[in-house]
Amino acid sequence: MNTPISDPLGNPTSTGQVEDEPESGEQTQLNRRQFLQSLGAGLLLAVIVPVDALAQERPPRGSGPNRTANEATLAARLHINEHGRITVMTGKVEGGQGARAQIAQAVAEELRVSPEMIDVIMADTALTPDDGGTHGSQTTPRTIPAVRRAASAARDLLLSAAAAKLGVALGELEARNGQIVNVANVRIKQELTYGQIATDVANSKAFTASPSRDIQISAVADWKVLGTSVPHPNARALVTGRHFYPSDYGGPLVLHGAVLRPPAYRAKLKSVDLEPAKNTPDVASVVRDGDFVGVAARTSLAARRAIESLEKSAEWDTTAVVPANTTNVYDHLRQNVRGGADAIKNPYADELTRSTASLRSEYRVAYIQHAPMEPRAAVAHFDGDRLTVWTGTQHPFDVRNELVRALNIDSPDKVRVIVPDFGGGFGGKHSGEVAIEAARLARAAGYAVRLVWTRAEEFAWAYFRPAGVMLAEANLAEDGSIDSWFYRNINSGNSGIASPYRAARNNTQFVQSEAPLRQGSYRALAATANHFARESFIDELAVLAKDDPLNFRLKHLGDERMIAVLRAAAEKGGYAATRLLKSVGTGVGIACGTEKGSFVAACAKVQIAPDGKSFRVTHICQTYECGKIMNPANCLSQVQGGLIMGLGGALYEEVEFDAGVIKNGNFTDYRVPRIADLPTMDIHLLDRPDLPSVGAGETPIIAIAPAIANAIYHATGKRIRQMPIRLDPA
Amino acid sequence: MDATFTIRVNGNEHRLTTDPDRPLLDVLREDLHLNGTHYGCGAGDCGACSVLVDGKRIFSCSTAINEVAEVAGTEAAGQSITTIEGLSNGAKLHPVQQAFLDEGAFQCGYCTPGMIVAATALLKEKPSPSDAEIIEGMNGNICRCCGYARMISAIRRAAEQNGGAK
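Protein chains in written order, with the working numbering: chain A, 1 to 730; chain B, 1 to 166.
For the record, the hints were derived by calculation from the structure and aren't laboratory data. Virtual Cβ for every residue (Gly too), placed ideally from N, Cα, C. Heads up, a few of these hints could be off.
Said to hold, decoys possible - Derived DEER-like restraints, expressed as beta-carbon distance ranges:
| id | chain 1 | residue 1 | chain 2 | residue 2 | range |
| --- | --- | --- | --- | --- | --- |
| 1 | A | 116 | B | 78 | 50 to 56 Å |
| 2 | B | 72 | A | 319 | 49 to 55 Å |
| 3 | A | 661 | B | 75 | 32 to 38 Å |
| 4 | A | 728 | B | 75 | 52 to 58 Å |
| 5 | A | 410 | B | 89 | 25 to 31 Å |
| 6 | B | 54 | A | 361 | 34 to 40 Å |
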């Protein structure tokens, strides 16, 4: 491993290879020049890849998040040192989804070295390019191709430099194993190591390149590193407890923060007496700035005690609190739909009335929480007017800008955000609230502050995956085809809303409403809600058409990739046999879907309890296809994990609230999947070397809930139209 | 009121004066800077904070320092605490750590130290656990990445190699 790079608090940098105890570093702000010195002599390449050059790698369908200005070009920075070690700098983050390994693989592949030769520095606003955040399964289809082009450009540069140095034609040389070798004339051993060339080229200047559009990246058939199960680069640090998560930074050099929270969402602080907190032992600093009240103390217990002393005197204005609760939230969302009744009016209402085969159904999904194992955490440190924050976020550059605004800092250059590999995000860590809170506390205390949200705060004050009401209406033509299809998603979102089923007429929309809670992104976001509604509804239409649900789907699907995953799940999951030999209290259901360019199908089997009030998922077969698989072991982890996380939303997870107060903000009352909930899983990854690779972090979550609901219908004749799915809601 | 404690962690004795109500987890992280033991819930619901006390798994987030430390001037005897940092022997990983590494039984890895500690305690008590015993022994630990399948494989592997039997 390379030498740990010092930072203001003497913590290791985010290369993820933290094996040794952190060395104490200089108490200075690191600048890029010092950083490059610490990498050793060598060659730095900044390669700009225009996004349109990546068009062919973009997924053919799916609705990724809007592209930000930062993403118009993707920059990749590579450094090759005198020993031939390669450092790649990327703005992407690692939150357990496996980006670090895959980026190392991408560089290793194109530079023809083993992945152990690669160090990946991620998400440090002072060192890495702005890649516009880590979300929407974009690392695989967008970042990886950009990194591969950059590495490929680096290889070309090394080859050219070697050709000049050795005085041979370019075509006689080949890059292999960290060396440029003369392959045309094997009798004379002519080779230069990357380290030799890098130090030589670097004597002139650092290199900035815009590779030509036709730059060659390795064909799938030639892959040696991509397509293999390269392990997590910091695996050893994870099992030894030596990895530094955001909540671990600071060591002895920090105070511990805590923040006063309102009693309910949207309550405003009227008044509070700060004196009791100031008088709490071990408290260093108490600050109020508008609604923000926080403390910094020598221990986190002292900080929490100081906050408890403030809660006694705090008075709150609760007039803005929305009086919705867990039960009436769906009526609330319907009643407050933007655009009023017209926005959810079916233009094919007459067709439905005239048709002999029509159906209207309403589906609901509850508010749920990401609940990553590592809560939001930040360590903030001011050095003069320069601020450094370590925090777990999916958007380091946006969080830097949030800090600049919230703290009135005159230049973004004075703020550095570092994102160490953090303990889970799932779409929940897009924003910078904890970074801002820690920075405010650090400024007030005149000392570095570590702030880690409590589990209760994480449940109540992190944004939620939105609840939603989905209206689905359709009628069938005489021949059993879908004549009209009307679909509205109220409040939960647009992702995965487009139906893959042929319909003569189609009117599909997402409409916003007034949200009673703070809501935001989530793994696959509304694709889960939309697939639950659509895949349940298509099952209902199959019943209406007196057809088998699998058959009915196959008749109305056009996309060969969708058909392939669906057929595979049915076949490998034993769908037909279970339908045929149905025994009392058992059922099998199927569902399929696509999002972010990948395809998934699930075949679920359930067993209903003799009293009919509960059920067990006995078996799940899930098939998944995301183009060419870049890292099979990591892909399988994502599919297994996504499936089980999806099982949580399908069966257990629901945020209970009343008038802005969260009622079940702990792991006893808010039930997430545990090891005992694991059903028998049979997962099949369908590798498609002929198709571009797309991300696998989200889509595996979307098919499980409708497959279970459909299996319950098969077992009982009862249609459950709400997530979480409960047979006996009482 | 602060009290003075002697706490034995990973074979080392530490003397400190602090609030006796502080959770062991906070003392490990904030005073001893042993960051491998993680905060997950503060209520013993998730297992991220698991450590071994005299070989048994406890939740350090909901165990006060005065329950496990030797308290100066009292009869309370200190117990022997092992954290994730104390499991490996120099560069040689504990067999359970090695099994988790070999199976790649982690995603974000935040729950992993607690999982390994819990599995170590489980295998000490039941060197050859059935799957049902693995599930029962590990159900107090949450992995939000939901990487449970690989954890079961890792614990089976460690058991096969007699990891917890010593």
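*Hints the structure fails to honour*: Checked against the structure, the hints that fail are numbers 1, 3, 5, 6, while the rest are satisfied.
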